[in-house]
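Trainee: Sequence:
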Amino acid sequence: MDNLSDKDISLESEATAGEYKSNNFSVGIISLIIGIIFTIGGGLAFYFTRPCAVGECSLIPEAQESVDNSLLSINEDMSKIELEELQLNLIAVNLRLGNIPSWSKSYDQAQTLIIENQLIIDDLETILQSLQLRENAQNMSAELPLSMDEWTRVENFWIEAIALIESINNPFLTPWIENKLEEYNDNLVVAKDSFEQEQMGDQLLSEVKQIAQQNEELNNNISSLEELKIVESNWQKAIEKVREIPLLTTAETEKENLLEEYNQYLTQIRATIRQEEIANNLYGQIQNKIIQAQNAQTNNQWTNAVNYWQEINNLISQFPEDTLKQPQLESLKQSAPENLSQAQEELKQAINRNNAREELAKICEGSGKICDYSVETNRIKVTLTSDYLRNIARIAEQSTNGVNNETDVLINHINQVEKNYRYLSSKYEMPLEVYNPQQKLIVRYD
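The working numbering runs 1 ahead of the 1-based position in the sequence shown.
A few of these clues could be false.
Derived DEER-like restraints, expressed as beta-carbon distance ranges [unchecked claim]:
hint : residue 1 : residue 2 : range
1    : Asp-78    : Thr-268   : 49 to 59 Å
2    : Thr-153   : Pro-102   : 45 to 55 Å
3    : Arg-445   : Asp-409   : 24 to 34 Å
4    : Pro-432   : Arg-275   : 49 to 59 Å
5    : Arg-275   : Glu-241   : 19 to 29 Å
BS3-like mimics (lysine-lysine), calculated; alpha carbons at most 30 Å apart, straight line [unchecked claim]:
hint : residue 1 : residue 2
6    : Lys-363   : Lys-420
7    : Lys-256   : Lys-230
8    : Lys-326   : Lys-230
9    : Lys-420   : Lys-349
10   : Lys-242   : Lys-230
11   : Lys-193   : Lys-230
12   : Lys-382   : Lys-428
13   : Lys-382   : Lys-441
By construction, these hints were calculated from the structure, which means they are not laboratory data. In this text, a Cβ means the ideal position worked out from N, Cα and C, and glycines have one as well.
Construct the entire structure; sequences and hints are all you get.
Mentor: This is the structure in structure tokens:
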């Protein structure tokens with residue numbers, strides 16, 4: 002073997018290689034055949050194991066029965082959970098029907114059922130969406146009050162929910178839909194009414210605050226009782242409007258405080274009006290008394306004048322402070338006491354003049370008329386009568402002729418008359434002037 006040639010080795014190698022190729026070819030063919038067999042077997046298994054692939058299909062009537070039972074279970078009071086369970090049941094039925102292969106003789110019937118079921122599933126989905134909108138509306142309106150924007154959103158929830166269930170045309174769902182439509186429409190009406198109530202409350206609140214602002218501006222520039230009464234009327238209107246604010250609105254949260262505040266303002270303004278009415282009444286009385294006092298003064302009725310001025314001063318003392326009549330009151334406080342003092346002085350002088358007249362009457366008309374008199378404002382005027390002067394002259398002439406029995410009497414008389422004149426002038430603090438019948442001044446006593 003050690004002497005084998007290269008040629009021998011080469012031939013041996015080729016023979017070995019040929020044998021290997023033959024063996025490998027056989028293995029490949031066998032593998033291919035086995036693969037085909039398994040594929041065909043698997044395909045046949047898939048074909049024959051799919052639902053309703055061959056023979057009668059019990060799945061169709063079972064599915065139909067399940068669907069029918071589900072639809073018959075629908076009632077107007079079904080809850081969201083029950084509707085979801087119904088929808089899931091129909092989805093499960095469709096999934097089972099979807100497994101029926103296209104080569105099955107029941108395929109077309111299965112597809113028809115799937116389509117019919119899907120319509121119901123879609124309707125149930127629409128219902129569930131409406132229930133979600135219902136839940137949104139109820140959640141939002143659970144805590145009142147709501148703003149107008151929030152009530153608008155609640156309205157929209159109900160409107161959308163109604164539109165959704167109205168879009169459903171399924172006789173099996175009609176009882177539930179009709180029941181819910183009534184509920185949804187009732188809630189929509191409530192939402193709309195609540196929006197209107199909120200709008201009304203907002204409007205009323207705006208109006209009362211505007212009135213309050215107007216009153217604040219008026220208060221800063223009030224110049225008459227009429228303007229005060231306008232403010233009072235405004236507060237009354239504001240209070241009435243506050244009371245009209247509906248319950249369960251955002252405006253109602255301010256209602257109690259506003260009523261308390263505005264009633265306080267109304268009480269204050271009424272107290273002010275009462276003070277002003279008292280002031281006006283007193284001022285009117287004072288003005289009437291002033292006219293009466295002035296008329297009395299014009300007619301020299303000084304007793305009446307003093308009484309009127311005393312009444313005026315008494316009325317002034319009753320005058321309330323800090324009223325619109327305060328400027329006039331201040332002027333009266335200064336002038337009325339002065340006028341009273343002046344009237345009292347005039348009364349005193351009038352009394353003095355009257356007393357002086359009484360005393361002059363005694364002097365001039367005692368045992369015989371010796372003089373005429375007048376008492377003026379600033380002087381007393383005495384005019385000796387002609388008879389009196391002739392009598393004096395006669396007595397004086399008799400005295401000169403030696404007849405002296407009346408001389409002493411005459412001297413005493415003249416001295417007494419002069420003393421009386423001086424006394425009157427001093428007592429009544431007025432000059433007393435004595436005139437002859439020709440109105441020539443004889444003597445003046447100061």
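Trainee: Hint by hint, note whether the structure agrees.
Mentor: Outcome of the hint check:
The hinted range of 49 to 59 Å is satisfied by Asp-78 and Thr-268, whose Cβ atoms lie roughly 57 Å apart. A hinted range of 45 to 55 Å for the beta carbons of Thr-153 and Pro-102 is consistent with their spacing of about 54 Å. A hinted range of 24 to 34 Å holds for the C-beta pair Arg-445 and Asp-409, which are about 27 Å apart. Checking the proposed 49 to 59 Å range against Pro-432 and Arg-275 shows it holds: the Cβ atoms sit about 56 Å from each other.
Checked against the hint of 19 to 29 Å, the pair Arg-275 and Glu-241 passes, with Cβ atoms roughly 22 Å apart. Restraint check: the Cα-Cα separation between Lys-363 and Lys-420 comes to about 14 Å, which is no more than 30 Å; the hinted pair holds. A hinted pair counts as satisfied when its Cα atoms are at most 30 Å apart, and Lys-256 with Lys-230 qualifies at roughly 24 Å. As the CA atoms of Lys-326 and Lys-230 are separated by approximately 16 Å, the hinted pair is consistent with the 30 Å bound.
Note on Lys-420 and Lys-349: the hinted pairing holds, with a Cα-Cα distance of about 24 Å set against a maximum of 30 Å. Proximity of Lys-242 to Lys-230 is assessed by CA-CA distance (about 18 Å); at most 30 Å being required, the pair is judged to hold. Using a Cα cut-off of 30 Å, the hinted pair Lys-193 and Lys-230 is violated, with the two alpha carbons roughly 40 Å apart. This hinted pair checks out: Lys-382 and Lys-428 have alpha carbons roughly 15 Å apart, not beyond 30 Å.
Simply put, Lys-382 and Lys-441 have alpha-carbon atoms about 12 Å apart, close enough for the 30 Å limit, and the pair holds.
Going through the hint list in order, the structure does not satisfy hint 11, though it satisfies all others.
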